[in-house]
Amino acid sequence: MSTDHATPTSPILVTLAWLLVGVPLAYGLWQTLVRASALFNG
Amino acid sequence: MSVLDKQAIVASPGFSRWLIPPAALAVHLSIGQVYAFSVFKNSLVASFDTSLTAIGWVFSIAIVMLGLSAALLGTWVERSGPRKAMLVAALCWGTGFAVGSAGIATGQLWLLYLGYGVIGGIGLGIGYISPVSTLIKWFPDRPGLATGMAIMGFGGGALIASPLSNRLMNLYDPDFVATEPGAVTSGPALAQTFVTLGVIYTLFMLVGAALVRVPPGHGDDSTAVHSPGTNDALVRASSAIRTPQFWFLWVVLFCNVTAGIGILEQAAPMIQDFFREDGTSTVTAAAAGGFVGVLSLANMLGRFVWSSLSDRIGRKPTYVMYLGVGLVLYLLLALFGSVSPVVFVALAAVIISYYGGGFAAVPAYLKDLFGTLEVGAIHGRLLTAWAAAGVAGPLIVNGILDSVGEPGNLVAADYRPALLTMVGVLAVGFVANLLIKPVAETHFDQDAHAAHEEHRSDRHQEALR
Numbered sequence: 001m002s003t004d005h006a007t008p009t010s011p012i013l014v015t016l017a018w019l020l021v022g023v024p025l026a027y028g029l030w031q032t033l034v035r036a037s038a039l040f041n042g
Numbered sequence: 001m002s003v004l005d006k007q008a009i010v011a012s013p014g015f016s017r018w019l020i021p022p023a024a025l026a027v028h029l030s031i032g033q034v035y036a037f038s039v040f041k042n043s044l045v046a047s048f049d050t051s052l053t054a055i056g057w058v059f060s061i062a063i064v065m066l067g068l069s070a071a072l073l074g075t076w077v078e079r080s081g082p083r084k085a086m087l088v089a090a091l092c093w094g095t096g097f098a099v100g101s102a103g104i105a106t107g108q109l110w111l112l113y114l115g116y117g118v119i120g121g122i123g124l125g126i127g128y129i130s131p132v133s134t135l136i137k138w139f140p141d142r143p144g145l146a147t148g149m150a151i152m153g154f155g156g157g158a159l160i161a162s163p164l165s166n167r168l169m170n171l172y173d174p175d176f177v178a179t180e181p182g183a184v185t186s187g188p189a190l191a192q193t194f195v196t197l198g199v200i201y202t203l204f205m206l207v208g209a210a211l212v213r214v215p216p217g218h219g220d221d222s223t224a225v226h227s228p229g230t231n232d233a234l235v236r237a238s239s240a241i242r243t244p245q246f247w248f249l250w251v252v253l254f255c256n257v258t259a260g261i262g263i264l265e266q267a268a269p270m271i272q273d274f275f276r277e278d279g280t281s282t283v284t285a286a287a288a289g290g291f292v293g294v295l296s297l298a299n300m301l302g303r304f305v306w307s308s309l310s311d312r313i314g315r316k317p318t319y320v321m322y323l324g325v326g327l328v329l330y331l332l333l334a335l336f337g338s339v340s341p342v343v344f345v346a347l348a349a350v351i352i353s354y355y356g357g358g359f360a361a362v363p364a365y366l367k368d369l370f371g372t373l374e375v376g377a378i379h380g381r382l383l384t385a386w387a388a389a390g391v392a393g394p395l396i397v398n399g400i401l402d403s404v405g406e407p408g409n410l411v412a413a414d415y416r417p418a419l420l421t422m423v424g425v426l427a428v429g430f431v432a433n434l435l436i437k438p439v440a441e442t443h444f445d446q447d448a449h450a451a452h453e454e455h456r457s458d459r460h461q462e463a464l465r
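Top to bottom, those sequences are chains A and B. If you read the first sequence in this note's numbering, its first letter stands for residue 1, the second for the next number, and so on. If you read the second sequence in this note's numbering, its first letter stands for residue 1, the second for the next number, and so on.
In case anyone wonders, no lab produced these hints; they're calculated from the structure. Glycine included, every Cβ here is placed at the ideal spot set by N, Cα and C. Among these hints, one or two may not hold up.
[Claimed, not checked] Where chain B lies over chain A, by a calculated footprint (3+ residues, C-beta under 8 Å):
{"no.": "1", "segment": "13-21"}
{"no.": "2", "segment": "28-35"}
[To be verified] If you only want the chain B side, here are some residues facing chain A, beta carbon under 10 Å, derived:
{"no.": "3", "residue": "P21"}
{"no.": "4", "residue": "G290"}
{"no.": "5", "residue": "V345"}
With the rest of the complex left out, here is chain A (with noise of 0.2 Å):
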């Protein structure tokens, strides 16, 4: 399994990986950011 040549991780699969799941929280942030302004409008 593990070899003496060190193989940097693709810098493309860290940043996919981070999109994956830094997308869909973003999404429930803003949503929320949404639903909250509501106390500074309502």
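Starting from the structure of chain A, add chain B where the hints point.
Just chain B, lined up with the frame of chain A:
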């Protein structure tokens, strides 16, 4: 050797540790859905033609099962490794939705209890602790930041699930409009929503399982070298629960969670009651809903911000802040919260950020006390404090409020006894935190400690060469 075994997921040289937080987040964002369960309440009551209390049991069973499974299966999770644990968590969580859906489709409430409550609850417990130990091993320099990111995901999961569920219910039942007060969706639409969520969450968690790796040297428990805690402590879970430190920390978590639930449980009616004049509240129902949103954001952000801060200022001072400053803020809320809505919202938001932060920094606190040897299993046992607070918190708050009237028809002064009780609860936690001292050497695991000493000696020799 299976692809699920720990040995099979040892990271190759060059592997980026920044893939581990998204792997953990994929799991925590999924299981965090449990805190958005209330979005189904009205529809479930209508579908089963039963009481709100009967439906409320579904959530309660899930949280109790979370605590029990984390405590009982923590050692298994530690030994099996994060991939196998995440896979089992994904299957339990997905199966929980599927069985729950069958219960809704057939009108069998017990199937919903068994599915979402029991099976899903086991998925919650395993999923919650599955990435924690791995994160701490990958980020020994910043364990608070690492676990804060994952546990922030648990808070964030609810923020995603609530609008997502409403959209799905509207998709399967176009007559359902979530913004209409008391809106309910049909049973078939509810069952389809459960199945869809189960599939989405299972796939999402499987991505986390595929991404996760253990650091080099951690594929075999018998030869792994662990990071010790204060005073070189390396303690097994079975020994940790015999130390006063574990139980003081249990009390700390219990008190912090109980106090947070004191506000979360009644947030919407509470803000309306605090600003009621001549029987009418100056805070509208929409604004009260916005207040709940603000608390959700504070809960999520507190998990990341305060837990990261704990890496800089230390775990004990962080909990002094949660409990000590929290106690003062609670007191201010009880005495002066009705002065203005801005003061009320600001105080409540900081208190809830401490509630979230208490969950997020606790694995790092355990690492400081007991080392990384079985920190995941110890964390699992500590989560029984969460389950206990989940029962005690609402009992205390509702018990006191019931004696004065019904939330939604009260005034600020009616909340004072409940809030002052929570000040007392925080004071108990504050003292418990101050009593936490480094663990005595008698509790250390001799084999792990010897392996660590040998490793340190080898590195010292290498440095001299």
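How the hints compare with the structure:
no., hint, in the structure
1, 13-21, "holds (count 6)"
2, 28-35, "holds (count 6)"
3, P21, "8 Å, holds"
4, G290, "3 Å, holds"
5, V345, "7 Å, holds"
This entry satisfies every hint, going by the numbered hints stated previously.
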